[in-house]
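Grab the two chains, each in its own frame, and use the hints to assemble them into the complex.
One letter stands for each residue in the lines below.
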Amino acid sequence: GQNIDQPTEMTATEGAIVQINCTYQTSGFNGLFWYQQHAGEAPTFLSYNVLDGLEEKGRFSSFLSRSKGYSYLLLKELQMKDSASYLCAVRDGDYKLSFGAGTTVTVRA
Amino acid sequence: SAVISQKPSRDICQRGTSLTIQCQVDSQVTMMFWYRQQPGQSLTLIATANQGSEATYESGFVIDKFPISRPNLTFSTLTVSNMSPEDSSIYLCSAPRGDYNEQFFGPGTRLTVL
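Chains as they are written, first to last, in my numbering: chain A, 1 to 109; chain B, 1001 to 1114.
Calculated directly from the structure, the hints in this document are not laboratory data. We put the CB at the ideal spot given by N, CA and C, even for glycine.
Incomplete in silico selection of chain B near chain A, CB under 8 Å:
(1) MET1031
(2) LEU1092
(3) GLU1102
(4) GLN1103
(5) PHE1104
(6) GLY1108
Next comes chain B alone, as it looks inside the complex (with noise of 0.2 Å):
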């Protein structure tokens, strides 16, 4: 299985702050994608983080609030800016492995914000 690790695994923020996230894969992929995953709830996809081109985000998500990189095949970063409590949340990093055929998530940052 796929190796993906994120920094912090958890942080403590206070409102108005930013938080950056970085998601390290031990292989090059080409897509890696960000979720959300908000208490008691499922997985919300974020955006699409694709090396050398901008990331494309989902409905309800906007770069502003979501800036993210990718600066090579094996990293990604998400911020989470200007937080609120609403922010609140666990937050994953996912990539696929082999043929497409397997998709592996981070163990995520869970994400207070007072």
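Okay, chain A solo, but in the shape it has when bound (with noise of 0.2 Å):
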């Protein structure tokens, strides 16, 4: 199975920088995935890991140690929409995703 943690809450302040930590103990690993929840609607992708190192995708990037069982996701310059759960996600073998807690980050002016 897998066990997924990350912290339940954090807030910033517009135009800063966030990081959220995902660590995983997995009994098979396919890939790591963040995912973007507002309330009342359906997570969306935001991105995908399966090898260490850095994935930058404009005002979001997210990062993976395969060996340390982790990962982070960082949102810079922070704007108001960015209040939402993220959820760190690990794929196994037959491709299923278990998800994390999710993270519910606050944006304040």
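Spelled out as structure tokens, the structure:
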């Protein structure tokens, strides 16, 4: 099975940077995903890492260290619309996703 | 990005009845997945639906309660049978795309059981 941990809540100021950490222990690893979910909406795909290192996509970057069972999502130049829940998910060899509990990010003016 | 649609978007149902949720993907996909998100919680996988084979259910979910069909490579249904208030949840279908380096979700079906 999968054990995925991420902080429950984070608060940051508009324009700042926030880093959301995710640690995992898995029985099989076939990639790590980050999703954004606004209240009442479905999760939106943000990023995918399967190899170690940093993947950058505009204001969002995601990092993976497989040996440490660790990932982070970095949100830069925070905007009010970035207030949402961020979900870390690990995929196993059968392409099934296991999700962390999610991190609620609140962006304040 | 993939376009995944679901019907209905929401429903309010009576205890003991059944509801079938439809999921349509805009291109052929080998794998489709059904997830549940209970209020205030994260997503839990119900089952994997591959075309041409029986669905594979996760621990805690059984075919009698959540029968699944997968008649072709773009469509799947999930039925929530003999519903109780504990089944009130958002049900989402999902499919990987491309080289499996992206995985998208449908908009979800918000189910309330009275």
